[in-house]
Amino acid sequence: MLNRLTDTLDFQARALDLRSERQRLIASNIANADTPGYVARDMNFAQALRAATGSLPAASALAVSSAGHIGGGSGGVASRSTADLTYATAAQTNLDRNTVDMDRERASFADNSVKYEATLRFINGNVRTVLSAITGQ
Amino acid sequence: MSMLSIFNVSGSAASAQSQRLNVVASNLANADTVAGPDGQAYKARQVTFQTQLVGELANDATAAGVRVSNVSEDQTPGRRVHDPKHPSADADGYVTYSNVNAVEEMVNMISASRSYQNNIEVMNTAKNLLLKTLQMGQSG
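Protein chains in written order, with my numbering: chain L, 3 to 139; chain F, 5 to 144.
I should point out that these hints are in silico values taken from the structure, not numbers from a laboratory.
Straight-line distance between alpha carbons at most 30 Å, and here's what the computed DSS-like set of lysine-lysine pairs gives:
hint, chain 1, residue 1, chain 2, residue 2
1, L, LYS117, F, LYS131
2, L, LYS117, F, LYS136
3, F, LYS47, F, LYS89
Residues from chain F shown here face chain L by an in silico Cβ test under 8 Å; the list is partial:
hint, residue
4, PHE53
5, LEU133
6, GLY141
Beta carbons are placed, not taken as given, at the ideal position from N, Cα and C, and that holds for glycine.
Please take these sequences and the hints and turn them into a complete structure.
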């Protein structure tokens, strides 16, 4: 029963984890803007989130009593390999083969921080909902 | 907390950029020096950046910082000016100045300071997000 209350929370938690990972990725790109030969990387967020939450039961599904189902997140973020990161191609070629496009990176960084904050608010709202359900007021 | 290593990433970049700024300052300061006691004029220096993985996991490409891999000297011959009365003039009356290109150094300086600012802003944003994360779940 309790997992119905926390399933949404679980989903948002994974989304937050991925957001923070993407934030770090973009920070790395910005940090290496002047490194010769550095190739900028990014992740396909929708795909990564689907991979990370694929093992989560849908909120309306019946609870399964088999061991390892609850919290058995094989698609956890920590175990994600860096293989599904994509390489950015340079919009404007550079003499030192660096493909960091600072405009794009700054835009992605701002976009990702807003979405990170949005996910945080979803979590906070969810916690409030669960709390008011528990206290029954 | 994977966001915490943003401070390592951006911090390493800020430190590398400040070293680059330092080198630019020393080049500009020595733009007009003539050959020293060893007969060699000051040679312009340039830093080379290299990616350095700083994540908590080994070979984690998502946390890529920067370090200065080496500082190299520009080997082009220095500017030679005919000035026989100069105390450092050679037998033909030429004075060898340093090979610093002031325009190039100014461009380098602006580029380094902008990159530095970028990294500081990244750290500020990460700090704000982390502070908000710390307040997660608290009503209000």
